[in-house]
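Number of protein chains: 2
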Amino acid sequence: MSISIAYLGPPGTYTEAATLAYARDLPSETGSQPLLCPCPSIAQTIRSVAQEQAHLAVIPVENSIEGSVAVTLDTLWQLDTLQIQQAIVLPIRHALLSQALSLEPIKTVYSHPHALAQCQKWLENCLPNAQLVPTRSTTEALQYLDQDHTAAVITSQRAAQLYNLPVLASAINDYPDNSTRFWVLGKQPSTGGSHTSLAFSLPANKPGALVTPLQVFAARGINMSRIESRPTKRSLGEYLFFIDLEANAQEAFVQAALSELASHTEILKIFGSYRVLAIESPDVGQE
Amino acid sequence: MSISIAYLGPPGTYTEAATLAYARDLPSETGSQPLLCPCPSIAQTIRSVAQEQAHLAVIPVENSIEGSVAVTLDTLWQLDTLQIQQAIVLPIRHALLSQALSLEPIKTVYSHPHALAQCQKWLENCLPNAQLVPTRSTTEALQYLDQDHTAAVITSQRAAQLYNLPVLASAINDYPDNSTRFWVLGKQPSTGGSHTSLAFSLPANKPGALVTPLQVFAARGINMSRIESRPTKRSLGEYLFFIDLEANAQEAFVQAALSELASHTEILKIFGSYRVLAIESPDVGQE
Chain G
13 MSISIAYLGP
23 PGTYTEAATL
33 AYARDLPSET
43 GSQPLLCPCP
53 SIAQTIRSVA
63 QEQAHLAVIP
73 VENSIEGSVA
83 VTLDTLWQLD
93 TLQIQQAIVL
103 PIRHALLSQA
113 LSLEPIKTVY
123 SHPHALAQCQ
133 KWLENCLPNA
143 QLVPTRSTTE
153 ALQYLDQDHT
163 AAVITSQRAA
173 QLYNLPVLAS
183 AINDYPDNST
193 RFWVLGKQPS
203 TGGSHTSLAF
213 SLPANKPGAL
223 VTPLQVFAAR
233 GINMSRIESR
243 PTKRSLGEYL
253 FFIDLEANAQ
263 EAFVQAALSE
273 LASHTEILKI
283 FGSYRVLAIE
293 SPDVGQE
Chain R
13 MSISIAYLGP
23 PGTYTEAATL
33 AYARDLPSET
43 GSQPLLCPCP
53 SIAQTIRSVA
63 QEQAHLAVIP
73 VENSIEGSVA
83 VTLDTLWQLD
93 TLQIQQAIVL
103 PIRHALLSQA
113 LSLEPIKTVY
123 SHPHALAQCQ
133 KWLENCLPNA
143 QLVPTRSTTE
153 ALQYLDQDHT
163 AAVITSQRAA
173 QLYNLPVLAS
183 AINDYPDNST
193 RFWVLGKQPS
203 TGGSHTSLAF
213 SLPANKPGAL
223 VTPLQVFAAR
233 GINMSRIESR
243 PTKRSLGEYL
253 FFIDLEANAQ
263 EAFVQAALSE
273 LASHTEILKI
283 FGSYRVLAIE
293 SPDVGQE
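Sequences listed follow chains G and R, in order. Under my numbering, the first residue of the first sequence carries the number 13, and numbering increases by one thereafter. Under my numbering, the first residue of the second sequence carries the number 13, and numbering increases by one thereafter.
The hints are simulated quantities; they were obtained by calculation from the structure and are not laboratory data. Treat the hints with care, as some may be off.
One copy or any two copies: either way a pair holds, since identical chains are not told apart in the list.
[Stated by the list, open to error] Here are the simulated lysine to any residue pairs, SDA-like style, with alpha carbons at most 25 Å apart:
| no. | residue 1 | residue 2 |
| --- | --- | --- |
| 1 | K199 | N260 |
| 2 | K119 | V288 |
| 3 | K199 | I15 |
| 4 | K119 | V101 |
| 5 | K119 | E152 |
| 6 | K281 | Q56 |
| 7 | K199 | L144 |
| 8 | K281 | D37 |
| 9 | K119 | D160 |
| 10 | K281 | M236 |
| 11 | K133 | Q227 |
| 12 | K199 | A112 |
| 13 | K119 | Q159 |
| 14 | K133 | I279 |
| 15 | K199 | Q63 |
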């Protein structure tokens, strides 16, 4: 039986590029080609694994410009059954697609709000009068191009190729070092690796009490590569903390830190230890 | 001369409700009625004060369900000239507006992505087949209602009254304790109050080095009511940290903490000390 991988679709999204890179990197002994299943939202992608409609889910976690993808963190916290199997880091290069022959006639630019935000300065300089219209994915926006030659879409080079659409401008993202981190989620226990992710709430609802949990790691020389707060949704000012460690939870001193951490937290969820796959070219999957 | 206050418009947004509550709370000796100026985006609202087109800007900072408003934090960090004059906490109650007489004919629901997310469960239960379409503000979506009787919009009760539109369902937010915090920004030095906000980057680009700055406050018994990380936008894994303290920077021991903090940070920006205005009813400004 081949592995089925749900991802935030439709085909042509950056998540699909990350999923293709992951699939290509799978050990060949897994046998047949994995089956890629596009899902319409991040929450549905994750739930398709929780409900055993797919073996794995690939979803974005964090972009170097826009920051965390809140729905990913919130959904992972709500579901208790998923572990991180791997992280994937993909460089992001946005292109402007349009049926127009030049920038001049363009009146409307469609894209996912994050992609619009990542090209904000380019848009202000090159298309100052265009109306910016948010869509649910960079690919969903493509439907507007066929009918309307005053419309443009910000999406990947891969989408241009996949849907046979003309590229009017390339690499239009304001920051050249734009990259996105993805997680591969599954129900299997994670097998270990360079990074460990976890999240917790604090008993007294005092973010001031955050110092003690962080000291647990500092005292053992465990580096925290990221901390992110999310609201508990109970009331304003109550937070969950999501932490990534540069450490493998299968090592004894890390396990000791996690045991001590549990005594300082209200609810502690450990999402597993995993390796990070860094993709060098943004054009993965363009063959 | 009356005070001009820029806010995230158009009229009918929750930010307008917060702005009206703030204006009503101003000391009467300020004389004439403040002039309220709606702006089309958060970045433009903040910039209108930086560029001295308005005296004050009211913008959302954080919602109890959706978390931080990233563009607010990013823009405040980029501009060096603004101080927080006050915080406003407003309860949020979403309503469904439509020309339809019942939920049955509704095919499309328009709103700001945060409002759609805050009513996600209600939408899944009551309108499982409706298409959800993001707009730039809860009020902008209202333009679709006149033409299309299969359209609905999620917005405030105030917008219903202001634009004379029928309310089909009230208080449809999934979490009853939904509230949003706003900041009033201006160029005057802040005058002190119960809360202090600041942000910093770390010299070694090691989020693991975050413990030392936090200990500066913990050692003095200064409670941190919030910590939020944002990407520096230089490269994935480099962060700025935004912190709110329950303390007044005009007090000597807080000043000592901030001086010590400066020795542990790369860039430190202090956005001022201010008081918090808590609004009890979500229907402010509905007169």
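Problem set entry | K119 and D160: within-copy, between-copy, both or neither at 25 Å Cα | Close inside one copy (10 Å) and across copies (24 Å); limit 25 Å.
Exercise. Which holds for K199 with A112 at a C-alpha limit of 25 Å: within a copy, between copies, both or neither?
Worked result: The answer is neither: 46 Å in one copy and 44 Å across copies each exceed 25 Å.
For this session: Could you figure out if K199 and N260 sit no more than 25 Å apart (CA to CA) within one copy, between two copies, both or neither?
Result: Answer is within; shortest intra-copy Cα gap is 19 Å, inter-copy 48 Å.
Exercise. Between the shortest in-copy and the shortest cross-copy C-alpha distance, which are at most 25 Å for K119 and Q159: within, between, both, or neither?
Worked result: The answer is both: 14 Å in one copy and 23 Å across copies each meet 25 Å.
For this session: Check K281 against M236 for me: Cα-Cα at most 25 Å, and say if that holds within a copy, between copies, both or neither.
Result: both (16 Å within a copy, 23 Å between copies)
For this session: If the cutoff is 25 Å on CA atoms, where do K199 and L144 land: within, between, both or neither? Let me know, please.
Result: Cα proximity of K199 and L144: none, with 39 Å in one copy and 30 Å across.
Exercise. What label fits K119 with V101 when the C-alpha limit is 25 Å: within, between, both, or neither?
Worked result: Neither: 34 Å inside a copy, 38 Å across copies.
Problem set entry | Same-copy or cross-copy closeness of K119 to V288 [CA-CA at most 25 Å] | neither (41 Å within a copy, 42 Å between copies)
Exercise. Is it within, between, both, or neither for K199 and Q63, if the alpha carbons may be no more than 25 Å apart?
Worked result: Within one copy only: 10 Å inside, 53 Å across.
Exercise. With identical chains treated as interchangeable, where does the CA-CA distance between K133 and Q227 reach 25 Å or less: within a copy, between copies, both, or neither?
Worked result: neither (40 Å within a copy, 38 Å between copies)
For this session: Evaluate K119 and E152 at a C-alpha cut-off of 25 Å and name the case that applies: within, between, both or neither.
Result: Both: 18 Å inside a copy, 18 Å across copies.
Exercise. When no copy is named, should K281 and D37 be tagged within, between, both, or neither for a Cα gap of at most 25 Å?
Worked result: neither (28 Å within a copy, 44 Å between copies)
Violated hints, listed in ascending order, are 2, 4, 7, 8, 11, 12; each of the other numbered hints is respected by the structure.
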